[in-house]
Amino acid sequence: MVDRRYFTYFDWGLLALTFLLGLVGLMTLYSAVMAGVPTPQKALFIKQLIWYGIGLAAMLVCLLFNYKLLERWGLVIYAICILMLVWVMFFGKYVGGSRRWLIMGPVSLQPSELVKIAVIIVLARYYAKYVSSRGFSLRDLQIPAVLTLIPFILILRQPDLGTAGLVVLIAATMTLFVKIEQRSLILLIGSAVVMIFPVWFFVLKDYQKQRILTLFNPEGDPLGTGYHIIQSKIAIGSGFLTGKGFLQGTQNALSFLPEQHTDFIFSVLAEEWGFVGAFILILAFLVFLFWSLNIAFGCRDPFGTILAVGITAMIAWQFVINIGMVMGLMPVVGVPLPFISYGGSSLLTTLICVGILMNISMRRFMFE
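Mind the numbering: the sequence shown is residues -16 to 351 in the numbering used here, read in order.
Hints were generated in silico from the structure; no laboratory data involved.
Restraint ranges, calculated between C-beta atoms of paired labels, are given here:
(1) 122 x 217: 47 to 57 Å
(2) 230 x 52: 39 to 49 Å
(3) 202 x 177: 29 to 39 Å
Think of the CB as a built atom: it goes at the ideal place given N, C-alpha and C, for glycine as much as any other residue.
Please work from the sequences and hints to get the whole structure.
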């Protein structure tokens, strides 16, 4: 018999926020691919609908088992995802200068998206096991560093600097949350500062350096590397207070706005719904993030708490980076906006994470 407390503790608020953001995403995507576009891409919208169905089914599955099983199987999940990254490196589909996708029949899957969940689970597993009030030393952080570095290198070789950097940011946020010894923290910060120069000269490719430099002067190459940022800011600014209306965005309709259905989809929304619409979307995201943090801090299980913090960090960093990117405050690194941007793998990963958050929330009575 199903314990009635599962229904009592079910997080209807998080579910409502998820459906709200999903609805906004579908409406914005429809406009991005259909509004006045010379060759409407209705197939992309239909694919996203299918991925929403798959994602919601995966979210439901994540509610059916005790999330503590993720702690037990964390290393296996991590190993499978790493093997998928290795497989992509040799046999993945090559598109636009990157090899990121696995072709599985009619479905194209991006393993680097699923790896983010695997890293969160395996780090939460490690930190929950060894967490202490004194904090972690550099020696204690050797294993988490290796667990983060392996997917970072494999994703960077695709190349996908945005997702690789996101993995590091998620790991860093989780590590800071569980506490680091003061001396170790100072050494880590110092090492990171020192590494800036060798990374710039020996790791980053020329086009990646140019993206960073373009951030400070997009007008220096308005028809080249600065085009994306310039057109995005024009679209956002042209929305004024209340926007031009649904399906009425001219930057999108006249194809001035590049990547309007993926990386720069926020610009489409801002042009059509103006400052008011953009503000409401940002507010909805903030409520979602605070709601997720409330789940984390309401959990009495160390693994559940750290897992929820990692998931919240993943969604928060993607939100901040994407919004900053389209407004010209951050380099263009190809990070999608959760729930909103087109992309099956990203959407599937996000909905799985929501399912895990709801799982943690509805089972909190087990630790009270």
